[in-house]
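Chains A and S, in that order, are what the protein sequence lines are. Quick note: the first sequence, position 28, residue 31 per this note's numbering, numbers continuous. Quick note: the second sequence, position 374, residue 377 per this note's numbering, numbers continuous.
Honestly, the hints are just simulated from the structure, not real lab data. Note that the structure is a prediction, hence the values are computed from the model and not measured. Any given hint could be a false lead.
Identical copies look the same in the list; a pair holds intra-copy or inter-copy alike.
Said to hold, decoys possible - With a straight-line cut-off of 20 angstroms between C-alpha atoms, the simulated EDC-like cross-links for lysine to aspartate or glutamate are: (1) LYS84 with ASP40; (2) LYS231 with ASP463; (3) LYS328 with ASP274; (4) LYS548 with GLU311; (5) LYS445 with ASP356; (6) LYS84 with ASP229; (7) LYS548 with GLU103; (8) LYS379 with GLU440; (9) LYS328 with GLU130.
Protein chains: 2
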Amino acid sequence: MLNSSRLTGPLQAADETSRLYRILARANQIASTTELDDLLCEMLDLILMVSGGNTGTMYLLDTHTNELVFQVVRGAGDNTKLVGQRICATDGIIGAAVQEKQAIIVDDLATDVRWYGPVDEGKVILENTIAFPLMLRGEPVGAVQVFNFSQKPIQLMQLLGNRMASEYEKTMLLRKSHQHSQRLQALIELIAKISSTLDRDQILNLIIDQARDLLNAEASSLFLLDEKQHELILYLSRDMYQTNLPPLRMPAELGIIGDVVRTGQTACVDDVKLDPRHYAGIDEISGMTTKSLLAVPLRVPTVVLGRERGISQSCIIGGVEAINKREGHFDKTDVQLLSTLAEQAASVLHIADLYSNADELFLNTVTVLVASIDAKDPYTEGHSQRVSDFSVAIAEQLNLSPELRHSIRVGALLHDIGKIGVPDTILSKPGRLTAGEYAEIKKHPAIGANIIQGVRLLQDELPALAQHHERLDGTGYPHGLGADQISLIARIVAVADVFDAITSDRPYRPGMDIATALAILRREAGHHLDERFVEALIAAYQNGKIKPQLRKSPAG
Amino acid sequence: MLNSSRLTGPLQAADETSRLYRILARANQIASTTELDDLLCEMLDLILMVSGGNTGTMYLLDTHTNELVFQVVRGAGDNTKLVGQRICATDGIIGAAVQEKQAIIVDDLATDVRWYGPVDEGKVILENTIAFPLMLRGEPVGAVQVFNFSQKPIQLMQLLGNRMASEYEKTMLLRKSHQHSQRLQALIELIAKISSTLDRDQILNLIIDQARDLLNAEASSLFLLDEKQHELILYLSRDMYQTNLPPLRMPAELGIIGDVVRTGQTACVDDVKLDPRHYAGIDEISGMTTKSLLAVPLRVPTVVLGRERGISQSCIIGGVEAINKREGHFDKTDVQLLSTLAEQAASVLHIADLYSNADELFLNTVTVLVASIDAKDPYTEGHSQRVSDFSVAIAEQLNLSPELRHSIRVGALLHDIGKIGVPDTILSKPGRLTAGEYAEIKKHPAIGANIIQGVRLLQDELPALAQHHERLDGTGYPHGLGADQISLIARIVAVADVFDAITSDRPYRPGMDIATALAILRREAGHHLDERFVEALIAAYQNGKIKPQLRKSPAG
Numbered sequence: 004m005l006n007s008s009r010l011t012g013p014l015q016a017a018d019e020t021s022r023l024y025r026i027l028a029r030a031n032q033i034a035s036t037t038e039l040d041d042l043l044c045e046m047l048d049l050i051l052m053v054s055g056g057n058t059g060t061m062y063l064l065d066t067h068t069n070e071l072v073f074q075v076v077r078g079a080g081d082n083t084k085l086v087g088q089r090i091c092a093t094d095g096i097i098g099a100a101v102q103e104k105q106a107i108i109v110d111d112l113a114t115d116v117r118w119y120g121p122v123d124e125g126k127v128i129l130e131n132t133i134a135f136p137l138m139l140r141g142e143p144v145g146a147v148q149v150f151n152f153s154q155k156p157i158q159l160m161q162l163l164g165n166r167m168a169s170e171y172e173k174t175m176l177l178r179k180s181h182q183h184s185q186r187l188q189a190l191i192e193l194i195a196k197i198s199s200t201l202d203r204d205q206i207l208n209l210i211i212d213q214a215r216d217l218l219n220a221e222a223s224s225l226f227l228l229d230e231k232q233h234e235l236i237l238y239l240s241r242d243m244y245q246t247n248l249p250p251l252r253m254p255a256e257l258g259i260i261g262d263v264v265r266t267g268q269t270a271c272v273d274d275v276k277l278d279p280r281h282y283a284g285i286d287e288i289s290g291m292t293t294k295s296l297l298a299v300p301l302r303v304p305t306v307v308l309g310r311e312r313g314i315s316q317s318c319i320i321g322g323v324e325a326i327n328k329r330e331g332h333f334d335k336t337d338v339q340l341l342s343t344l345a346e347q348a349a350s351v352l353h354i355a356d357l358y359s360n361a362d363e364l365f366l367n368t369v370t371v372l373v374a375s376i377d378a379k380d381p382y383t384e385g386h387s388q389r390v391s392d393f394s395v396a397i398a399e400q401l402n403l404s405p406e407l408r409h410s411i412r413v414g415a416l417l418h419d420i421g422k423i424g425v426p427d428t429i430l431s432k433p434g435r436l437t438a439g440e441y442a443e444i445k446k447h448p449a450i451g452a453n454i455i456q457g458v459r460l461l462q463d464e465l466p467a468l469a470q471h472h473e474r475l476d477g478t479g480y481p482h483g484l485g486a487d488q489i490s491l492i493a494r495i496v497a498v499a500d501v502f503d504a505i506t507s508d509r510p511y512r513p514g515m516d517i518a519t520a521l522a523i524l525r526r527e528a529g530h531h532l533d534e535r536f537v538e539a540l541i542a543a544y545q546n547g548k549i550k551p552q553l554r555k556s557p558a559g
Numbered sequence: 004m005l006n007s008s009r010l011t012g013p014l015q016a017a018d019e020t021s022r023l024y025r026i027l028a029r030a031n032q033i034a035s036t037t038e039l040d041d042l043l044c045e046m047l048d049l050i051l052m053v054s055g056g057n058t059g060t061m062y063l064l065d066t067h068t069n070e071l072v073f074q075v076v077r078g079a080g081d082n083t084k085l086v087g088q089r090i091c092a093t094d095g096i097i098g099a100a101v102q103e104k105q106a107i108i109v110d111d112l113a114t115d116v117r118w119y120g121p122v123d124e125g126k127v128i129l130e131n132t133i134a135f136p137l138m139l140r141g142e143p144v145g146a147v148q149v150f151n152f153s154q155k156p157i158q159l160m161q162l163l164g165n166r167m168a169s170e171y172e173k174t175m176l177l178r179k180s181h182q183h184s185q186r187l188q189a190l191i192e193l194i195a196k197i198s199s200t201l202d203r204d205q206i207l208n209l210i211i212d213q214a215r216d217l218l219n220a221e222a223s224s225l226f227l228l229d230e231k232q233h234e235l236i237l238y239l240s241r242d243m244y245q246t247n248l249p250p251l252r253m254p255a256e257l258g259i260i261g262d263v264v265r266t267g268q269t270a271c272v273d274d275v276k277l278d279p280r281h282y283a284g285i286d287e288i289s290g291m292t293t294k295s296l297l298a299v300p301l302r303v304p305t306v307v308l309g310r311e312r313g314i315s316q317s318c319i320i321g322g323v324e325a326i327n328k329r330e331g332h333f334d335k336t337d338v339q340l341l342s343t344l345a346e347q348a349a350s351v352l353h354i355a356d357l358y359s360n361a362d363e364l365f366l367n368t369v370t371v372l373v374a375s376i377d378a379k380d381p382y383t384e385g386h387s388q389r390v391s392d393f394s395v396a397i398a399e400q401l402n403l404s405p406e407l408r409h410s411i412r413v414g415a416l417l418h419d420i421g422k423i424g425v426p427d428t429i430l431s432k433p434g435r436l437t438a439g440e441y442a443e444i445k446k447h448p449a450i451g452a453n454i455i456q457g458v459r460l461l462q463d464e465l466p467a468l469a470q471h472h473e474r475l476d477g478t479g480y481p482h483g484l485g486a487d488q489i490s491l492i493a494r495i496v497a498v499a500d501v502f503d504a505i506t507s508d509r510p511y512r513p514g515m516d517i518a519t520a521l522a523i524l525r526r527e528a529g530h531h532l533d534e535r536f537v538e539a540l541i542a543a544y545q546n547g548k549i550k551p552q553l554r555k556s557p558a559g
């Protein structure tokens with residue numbers, strides 16, 4: 004007896020210690036996962052196991068609202084419906100455990116006035132409970148409640164609970180950090196997408212759609228400032244917006260966005276109803292109810308243009324809004340992401356404008372110069388512009404590539420530029436030309452090509468100048484090139500040029516009517532003109548794409 | 004005796020259990036930090052404490068090299084010099100513990116043949132040791148060795164060790180994730196910087212410098228493909244490169260970078276000596292020894308140009324290299340970051356080229372058209388170009404802004420464009436003009452302004468056309484504007500125009516010499532011409548910035 008007693012004590016203790024180590028080793032094993040749900044469930048199961056309980060719940064404390072949020076429910080009373088539900092952090096036995104920062108053991112739930120929960124869930128009758136807070140750095144961050152326990156190893160349970168809290172925190176930090184990386188990654192991809200287009204509308208749509216997704220918002224919208232009209236032009240995300248509607252406009256000073264655009268300050272509003280700047284008219288326009296809102300300015304940074312162009316100064320060109328955060332509220336990261344996106348978008352929009360301006364400047368300047376050369380002779384007024392329009396109509400009819408179409412537009416516009424080198428007296432001579440004068444006129448393709456050949460970026464257009472009087476059968480000028488030597492652009496311009504010449508008045512005859520003109524073109528097709536482009540011009544005419552010169556009165 | 008024995012057993016056990024809980028609670032507390040160094044030191048201290056040892060080391064297993072790396076050294080034998088040192092993972096007592104995946108207790112170190120370490124470190128004599136592996140998910144990830152222990156609570160020590168391993172892993176994951184976020188953040192800022200310039204050289208320098216920093220490399224370089232010459236043009240990071248040297252060139256097929264540019268495949272090379280593609284000549288050029296290398300292609304994505312310009316196709320324009328990773332080797336994240344940077348940079352370089360091309364196209368086309376108009380009269384050949392050059396020289400002399408300088412260049416180039424509307428016969432009339440003919444000539448400013456006024460983006464230049472014959476005293480034409488009504492651009496162009504007229508031959512007189520011309524300008528300054536710009540032209544002439552027309556021979 005004595006011997007056995009003397010042996011049993013240490014042996015029991017050794018057993019107990021050995022069991023404890025197994026439990027702690029199991030806790031280590033559980034903690035080695037970074038899967039949050041697995042971790043919490045298995046840790047709660049372990050706590051249930053050491054207490055012999057058959058039902059357990061784990062809550063996290065929301066310190067903003069002082070509420071306990073059901074996070075995990077395990078065991079016989081497993082009721083996943085509870086997950087996500089909230090109770091006041093001072094309510095019930097669990098609330099008391101959190102408030103008192105210590106474990107509470109209730110051996111008979113039915114007699115405890117603090118218990119207000121569903122004692123009988125149908126599946127399981129809850130008889131007793133142990134509730135204890137999860138402590139991290141001395142403060143409660145959650146709680147665990149075990150029901151129908153058979154043992155009360157409080158210290159061990161709390162140890163496991165605190166471990167659970169610590170692992171939860173680290174796993175959440177890791178998850179948030181991963182999510183942050185993923186959002187930055189998404190932002191980078193979005194920036195790459197935005198910067199691979201110089202098409203203004205496409206940039207606007209990309210920003211709007213992607214801002215919504217990036218910020219997990221219900222919608223987003225973009226406002227561009229029209230300084231002259233003192234208005235904001237409103238673009239909504241595409242799902243809310245019928246693209247055939249013209250963009251909506253509102254006075255520039257209205258709304259939270261008006262303030263953001265004016266001041267350059269970001270606005271992050273949890274409930275717009277409480278913000279005096281909110282302009283309810285926007286909701287009427289969009290048909291949605293704005294609750295939360297994050298609005299940032301579209302601020303173009305200082306852009307170094309290079310060479311002689313200097314620097315374009317920083318300015319605010321509008322704003323971007325994300326509307327109604329889908330979960331929670333817009334936070335610091337959202338502000339950072341949307342601001343970065345907006346700045347990059349503004350920069351790309353600005354560069355798209357610069358590019359578009361440079362392009363417009365070229366085309367407009369060439370257009371007015373060419374028009375002024377044509378205008379020296381009233382009979383050729385508007386000729387180059389019309390030949391350009393007709394040539395582009397042919398290109399469109401044949402669905403040629405946009406690049407080629409642009410080249411055709413420019414080449415056709417310039418095709419007669421060589422007339423600069425032909426004396427006015429010959430160009431605008433009222434009567435028939437002498438052979439010598441006609442020889443002078445026939446120099447204009449070569450003169451034109453000679454003028455333009457020094458322009459590196461007009462090499463594709465050069466044949467429109469040099470070859471537009473060549474003919475497929477080799478009877479054209481200046482070189483009498485054969486069909487296989489005449490470039491596509493020159494063949495197209497030749498058709499457009501002949502059509503405009505026939506339909507325009509001349510000193511010696513009025514312009515012909517369309518039917519006659521088309522008949523003449525058809526007659527020339529194959530030996531003088533390229534049949535494919537003659538047919539394309541006729542088809543374009545039939546589609547209403549060709550507007551020949553208005554017939555002048557016979558007296559004019 | 005019996006009683007005491009019966010009581011002592013459980014009491015001792017309870018004491019023991021209570022101590023165990025305190026130790027485990029301490030472990031939880033230690034684990035609640037995310038400071039890695041604190042965590043490892045304190046955990047090792049705890050292990051030392053439970054064993055009564057006075058010196059402890061912790062190693063991490065590098066599975067790539069099968070080495071144990073000293074991570075922490077604590078206690079009396081604390082020797083921080085050891086940290087970072089490596090031993091083979093099969094060597095010594097610690098190696099045996101890792102290989103056998105279990106604890107090894109050595110009661111007398113001096114007799115153990117496996118012990119090869121410094122038994123006597125001077126400060127402390129190492130008598131005995133416990134070595135055990137740190138296990139995570141069944142595999143060793145490191146090891147702990149305790150010296151001069153007085154107790155052997157192996158289970159507890161291993162429990163704490165495994166906990167340490169698990170916390171280490173999570174903290175490292177978190178740290179890596181944070182670092183990843185920080186690098187993405189840095190990349191985003193870099194992209195924003197790159198896209199706020201259209202200046203090619205600035206973009207190139209930004210890429211090179213920042214790629215080096217972003218990848219923690221010793222240097223980086225950028226190669227642009229010159230397809231015509233079949234060469235790569237080499238740009239080195241600025242610290243290695245004297246900017247007054249012309250860019251270096253090498254045959255396009257040479258080196259790892261040649262392969263990357265040709266194939267579009269990334270190359271990540273730990274030791275270039277082992278890579279047959281490596282071209283040692285690059286090291287001779289740069290003067291540094293390349294060890295590791297990460298090279299990615301500069302691939303321009305498909306860019307939507309908008310409107311009629313269509314799409315510019317994806318192409319490889321060169322490559323970017325990061326050279327010699329400062330710590331470890333280039334990894335997947337490095338590849339991802341450099342690839343993203345390279346793609347964005349290529350895109351921005353491409354857009355900068357597009358913008359620069361559009362600008363060049365405009366200026367070159369206007370230049371040749373204007374030149375061809377001037378060339379109709381041999382006496383005005385090259386006039387507009389010279390007036391433009393002189394005007395820009397005045398602007399540069401006065402350090403006017405780049406934007407204004409550009410405007411002056413364009414306006415001056417176009418100033419006589421109205422001559423298109425004046426009959427050739429008058430423009431190139433050999434003798435003196437009649438009053439009527441002179442009246443026709445005097446229409447050219449208004450005609451020019453009329454031609455250009457429809458061009459939205461030439462409004463700043465318009466006065467150069469409309470007002471370049473106005474005079475400060477109101478005696479100019481067409482409007483006889485007063486000094487305060489004549490714009491800056493017109494005053495500058497007027498000075499340049501008069502200077503070129505005086506120094507050029509005329510049908511009725513040869514061009515005057517410079518001294519006479521400058522004297523005439525000085526005489527006109529104040530009442531006809533703006534003195535400030537006259538003086539600027541004279542200063543520019545004295546600085547060698549003004550090249551007047553070469554004097555034609557009297558016969559010419």
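Results of checking the hints against the structure:
| no. | hint | in the structure |
| --- | --- | --- |
| 1 | LYS84 with ASP40 | within (16 angstroms within a copy, 42 angstroms between copies) |
| 2 | LYS231 with ASP463 | between (39 angstroms within a copy, 18 angstroms between copies) |
| 3 | LYS328 with ASP274 | within (11 angstroms within a copy, 49 angstroms between copies) |
| 4 | LYS548 with GLU311 | between (41 angstroms within a copy, 17 angstroms between copies) |
| 5 | LYS445 with ASP356 | neither (41 angstroms within a copy, 38 angstroms between copies) |
| 6 | LYS84 with ASP229 | neither (52 angstroms within a copy, 66 angstroms between copies) |
| 7 | LYS548 with GLU103 | neither (84 angstroms within a copy, 86 angstroms between copies) |
| 8 | LYS379 with GLU440 | both (17 angstroms within a copy, 17 angstroms between copies) |
| 9 | LYS328 with GLU130 | neither (42 angstroms within a copy, 64 angstroms between copies) |
In summary, the structure is inconsistent with hints 5, 6, 7, 9 from the numbered list given earlier, while agreeing with the others.
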